[in-house]
Amino acid sequence: MLMSIDSISKSYNAFPNPPAKVLHDVTLNVDTGEAIGLVGESGSGKSTIAKCMLALIKPEEGRITYDGIDVIHAKGDDLRRFRREVQMVFQDPYGSLNPRMTVEELIGEGLLIHKLEPTAAARRARVAEMMEMVGLNPNDMDRYTRSFSGGQRQRIAIARALVIRPRILVCDEPVAALDVSVQAQVINLLQDMQKKLNLAIVFVAHDLAVVRHLCEKIVVLHKGKVVEQGSRDEIFGAPKMPYTQSLLAAVPVPDPVVGRARRAARRLETAN
Amino acid sequence: MKTVHPLPDEASVVPVRQPLITVEKLTVDMPLGRSGSSVRIVDGVDFTIGVGERVALVGESGSGKSLTARALMRLDRLAKLSGRVDFDGTDLLKLSDRDMGKLRGSSIAMVFQDPMSFLDPLMTIGDQVAETLRIRGIGKAEARKRALAVLDELGVDRAAERLDAYPHEFSGGMRQRVVLAMALVGEPRLLIADEPTTALDVRVQDQVLDLLDDVSTRRGLAVLFITHDLGVVAGFAERVMVMYSGRIVEDGEVASVFAKPSHPYTQGLIKAVPRIDQDLNTLYAIPGAPPPPLARPSGCPFHPRCDQRFDRCGVDLPALQPVGMSRVACHLLDGKGA
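Here the protein sequences line up with chains A and B, keeping their order. In terms of the numbering used here, the first sequence is residues 1 to 272. In terms of the numbering used here, the second sequence is residues 273 to 610.
Extracted from the complex, chain A is given alone in its bound form (with noise of 0.2 Å):
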C-alpha cells in the first residue's frame, strides 16, 4: 500500500454558520500503479479528498500516511519528499500553467525546485525527453502556452508533473475542460504513462464512462460519505448500493437506439 486514507474528516468555515462538514470518514487506500477513480456529483467532496492527498489542506480528523510519512503531520525532508512523489494535474489547462514562462521553465521547473539536475544542460535533456513521451515536439520549448491548443496544454501540465518521477499522480477533472474529440487523447496518455511508469493515478471525475475506462478501482461518493467502492467489475457490473446504480443508471449512452432503451427503462422505474 503506496498511501492510505484513514477515516479523515473535514469541514470548511461557513460563517456566520456553524462549519459545514464536507468529509466524513473516509477510508481509502491507493497502491502502487494503481488507478483508482473518485466519482460522486458536485458537492461529494471528492475535490477535497484529492486536496487532502495533496497535503493542500488538512483534515482535522483521521491519519493520511504515504510510504511511512504522517502526511498530515510532515516537516523537512520527509514532507519534501512527499511533494516530489505525490504529483498534480488541475482541471483548467488555461489557468493552471503561468503564461509568462516558456515551457521549457514550466516543465523543468520541478527539477529546479527538487535539484534533480545538477546543470541546465541536463535540465533541458530531461524536458525534451519528457516531451517526446507526452507527445509534444522537443522544438516547441522555447515557446509559450499561449499558442498552444487546450489538449497540448495538458500534456504540458502532465510532462510538468511527471517531469520528477512521481510515484502518485492526483488528477482533479483533467479532460472536463477538453473538447470531446481530444479527450481521448489525454485518457490515453493517462493510461500509457501509468503502465509505463507504474504510476499510481487518483482520477476525480464526474465523468463515469470516462472513469471506467480509466480506472481498476473505484469509490462512490455522496455527500463527502464513501457509499460504495471496489472493482470495476463490481462497481459497473453489479452495483449493490441504489445511489450507485441511480448514478450509472443517468448515463447518457452515444448509441440512439441503446440511449433511447435506457432512458425510457429508467423513466418507467421512476414512475412505479
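Keep in mind the hints are simulated off the structure, nothing from the lab. Positions of the beta carbon are idealized from the N, C-alpha and C atoms, including for glycine. It is possible that part of the hints are untrue.
Stated by the list, open to error - Derived coverage of chain A by chain B (criterion: at least 3 residues anywhere in the stretch with Cβ under 8 Å from a Cβ of chain B; other residues may be distant):
1) 26 to 32
2) 140 to 154
3) 179 to 189
Stated by the list, open to error - Residues from chain B that keep clear of chain A, each with C-beta distances beyond 12 Å, as calculated:
4) P303
5) D371
6) K412
7) V474
8) A591
9) P594
Model the placement of chain B on the given structure of chain A, informed by the hints.
Using the frame of chain A, we list chain B on its own:
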C-alpha cells in the same frame, strides 16, 4: 406524460414536417477588438427545422454552434450577420430591432447553460417567470397565473407557495426548471437550448432531458439543442447536425448518423467517446485539435486531422450535399478518382 420520444423508424417514410425556420447561407463575423477587421466564425450554414422537430447541433468549442444559434435570435449586437433566417415567412435578419424584440420570447426563446448566472438573485421566481408576459402588456394577476401554470407543468413542487421564493432557495435542477419556465411562458414555437445540461450532475441532467422531452411532445415545440455531448444527442434528438470550424459537415436522422456516420469527423467523434455499455479497448483519438477560426486550413478544414484525406481535400472546400436522407460535406462521397 411519461414517455421517451421514440426514435424515428429508419425504414418508414419520414413524416413531412412543415418547416418552421429555414436558415440559408448564414454567416457570422465577429469584430477583432477595435481594429476594424473581423473574423468569420460561422461560414455559410444552411438548415431547416420543422414544426415540433428536435434537432441537436453538435460541435466542439469554437466550431460556431453557439453563435449560429444566437444569430437566429440576433443576440450578439457586435456580430455582423448575413444570409437569410426565414421564420414563418419573415426574414429575421431584416426585421427592425423593435420587431425582433417582440419575437424573442413569444416565437423563439432560449435557455442557457448556467441557470444561476441567468437568474436575478434579487427578484422572486414568480416575478422572473412572469416578466416575459408583463413586458408584453399582460396584467399582473394574469401573468402570475400563467407563470404558476408553467412552473406546475415543469414539475416544480408546491409551485404556488414558491412563486415568492428567491433563486438561492432552489437547487440546481429546480433553477434550470425555472429558467425553462421563463422561456416557455411566452409559448414559443422554437426553443433554443444552449448546453442546458452541461453544468448539471448526471442525475439532474437526466431529469431536465425528460422534462424537455415531455414539454416538446405535449406542446409540439421545436427544439434546437446545442451540445458537445453525443450521449445527450442520442437520447433526445430526432436529427443531428455536426458542425466543424464554422460549417455543417453532416446532417441527418439520429439513428442513421450514429449507425453509419458518413463524415470522417463524425466517425471519429463517435468512436472517441468512452461508453459505459461497451467492452473496454483503447479509445480512438482524433489526432490534433480543431483549428482556430483565424487559421483555418485550406480546402476542407478537417483535412489535417483526417485519416482518409487525399489530394483534393487540401485544395477544395467540400459542399454540403445530399446523401440519401442526410447531407454530408466530404470529398470521399465523390470518390477519390473524381
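Consistency of the hints with the structure:
Beta-carbon proximity to chain B at under 8 Å applies to 0 residues in the stretch 26 to 32 of chain A; the threshold of 3 is not reached and the given coverage is violated. Counting residues of the stretch 140 to 154 of chain A whose beta carbon lies closer than 8 Å to any beta carbon of chain B gives 4, which meets the minimum of three for the stated coverage. Coverage of the stretch 179 to 189 of chain A by chain B holds [criterion: at least 3 residues with CB-CB distance below 8 Å; count 9]. Distance check for B/P303 against chain A: the nearest CB is about 21 Å away, which clears 12 Å, and the non-interface claim stands.
Taking the minimum C-beta to C-beta distance to chain A, about 37 Å, the non-interface status of B/D371 holds against the 12 Å cut. Listed as outside the interface, B/K412 is consistent with that label: its C-beta sits roughly 36 Å from the nearest C-beta of chain A, beyond the 12 Å cut-off. For B/V474, the condition that its CB be more than 12 Å from all CB atoms of chain A is violated, with the nearest at approximately 4 Å. At roughly 23 Å, the least C-beta separation between B/A591 and chain A is larger than 12 Å, which holds for a residue marked as non-interface.
For B/P594, the requirement that its beta carbon stay farther than 12 Å from each beta carbon of chain A is met, with the minimum near 21 Å.
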